[in-house]
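J.: Construct the entire structure; sequences and hints are all you get.
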Amino acid sequence: MSEKKRTTIVLFSGDYDKAMAAYIIANGAAAYDHEVTIFHTFWGLNALRKEEPLTLNKGFLEKMFAKMMPRGADKMGLSKMNFAGMGPKMIKQVMKKHNAMTLPQLIEMAQEQEVKLIACTMTMDLLGLHQEELLNGVEYAGVAAYLAEAGNGNVNLFI
Amino acid sequence: MSEKKRTTIVLFSGDYDKAMAAYIIANGAAAYDHEVTIFHTFWGLNALRKEEPLTLNKGFLEKMFAKMMPRGADKMGLSKMNFAGMGPKMIKQVMKKHNAMTLPQLIEMAQEQEVKLIACTMTMDLLGLHQEELLNGVEYAGVAAYLAEAGNGNVNLFI
Amino acid sequence: MSEKKRTTIVLFSGDYDKAMAAYIIANGAAAYDHEVTIFHTFWGLNALRKEEPLTLNKGFLEKMFAKMMPRGADKMGLSKMNFAGMGPKMIKQVMKKHNAMTLPQLIEMAQEQEVKLIACTMTMDLLGLHQEELLNGVEYAGVAAYLAEAGNGNVNLFI
Chain A
184 MSEKKRTTIV
194 LFSGDYDKAM
204 AAYIIANGAA
214 AYDHEVTIFH
224 TFWGLNALRK
234 EEPLTLNKGF
244 LEKMFAKMMP
254 RGADKMGLSK
264 MNFAGMGPKM
274 IKQVMKKHNA
284 MTLPQLIEMA
294 QEQEVKLIAC
304 TMTMDLLGLH
314 QEELLNGVEY
324 AGVAAYLAEA
334 GNGNVNLFI
Chain B
184 MSEKKRTTIV
194 LFSGDYDKAM
204 AAYIIANGAA
214 AYDHEVTIFH
224 TFWGLNALRK
234 EEPLTLNKGF
244 LEKMFAKMMP
254 RGADKMGLSK
264 MNFAGMGPKM
274 IKQVMKKHNA
284 MTLPQLIEMA
294 QEQEVKLIAC
304 TMTMDLLGLH
314 QEELLNGVEY
324 AGVAAYLAEA
334 GNGNVNLFI
Chain C
184 MSEKKRTTIV
194 LFSGDYDKAM
204 AAYIIANGAA
214 AYDHEVTIFH
224 TFWGLNALRK
234 EEPLTLNKGF
244 LEKMFAKMMP
254 RGADKMGLSK
264 MNFAGMGPKM
274 IKQVMKKHNA
284 MTLPQLIEMA
294 QEQEVKLIAC
304 TMTMDLLGLH
314 QEELLNGVEY
324 AGVAAYLAEA
334 GNGNVNLFI
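Here the protein sequences come in this chain order: A, B and C.
Letter by letter, the first sequence follows residues 184 to 342 of the numbering used here.
Letter by letter, the second sequence follows residues 184 to 342 of the numbering used here.
Letter by letter, the third sequence follows residues 184 to 342 of the numbering used here.
Worth flagging that the hints you see were computed from the coordinates, not collected in a lab.
Certain hints may be false.
Note: identical chains are not told apart, hence a pair may lie in one copy or across any two.
Claimed, not checked - With a straight-line cut-off of 27 Å between C-alpha atoms, the simulated DSS-like cross-links for lysine-lysine are: (1) 275 with 241; (2) 188 with 299; (3) 187 with 280; (4) 246 with 233; (5) 241 with 272; (6) 246 with 188; (7) 258 with 246; (8) 272 with 250; (9) 272 with 258; (10) 275 with 258; (11) 246 with 279; (12) 299 with 275; (13) 250 with 275; (14) 258 with 233.
T.: Structural data, given as structure tokens:
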């Protein structure tokens, strides 16, 4: 009879470490039987990009954004001690040593655990991202959908 | 009979994109009939600064902070890809193209929707900001007021 | 008869100003009789490091992290206007002038008020931090412990 707990995360950040934190909490919450949603907006959308570039018809600014933003979770930088890419290499090496899951693996696990991954359509428009560029299984929605879930959420985080 | 939902956002960040996210969520929540409060602290206070400089009697450090911090929402930088100010220009150009609301417009809309905009008096003291420098209609309070609202909040975010 | 309110903060950030905000909210909430937990993960763990270096048996990467990360709350930088360390000095000078509490004092006060300070064991492993390096009185736990508290929390923040 008791309702499920609900965890709703806004992933705004495009940093590897912050996205890791978001997905670790999301996977943990799903394992404890929460209903979990990650709402990706702004730079957080980069975590959902496919690695392969697509040739899409884009305007100049959209092409610039597409070029400058990391293509997928594995390419993202760190929020601290990025050191022109050396930081992420160190972190990934140390994660390998400790058998910790990488961000792409954490995202895959989240999809297997039925964490709802939503991409914010308004910021996709702004940054010129198309649905074909994002991972399969992602849902598309706006701030209204986010608020509907968060309004009933037990754990609401902005990361 | 049912009580209104309550959304309470701490805006700590002084980044244009993060402040946009905060105000988009706030305006969305107000449209869905939540009672909404944005508590501006630290660098988030800059979103509330008026554009015109005032000649106020300030100490040396306060003058330094006043000079170095962006004067108002329109002057804020990006959390990512700021590129010495090129990033904000690109974002604003792309926003114009998509008819998206700018941050100053989002703040105005929030005030029209009766979102409560609070400035944290403790950090105003630290950064040497005076009430005359901030937008009209802003309220002034401390962490106790924030906690009173957040303690009954449905959606609490730190941005 | 009424249950205590509960405030649960994830401190991910290693910035002096963000950690200050976290501890000000935590101390405020404790003063208003909330049960308060700060869960330190990733760079937020640095706030809990003791100032004195210990000679511990660490691998190469762990030594690198230990060197590069700030040793304790007093050594942390700012999220904005760090200016190679000038920003923190300015903030600390202005805090002194206003008799504001420093971060180490805020942490001490939190411990006196029985705020539960938790260090995330998973990220301690990743960054090569040992329990001997962290403040006395800190508890050690993982994401499951965090979720158990946050799931019943009134105010949940990610900082």
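J.: Find the hints from earlier in the document that the structure breaks and name them by number, from lowest to highest.
T.: 3, 6
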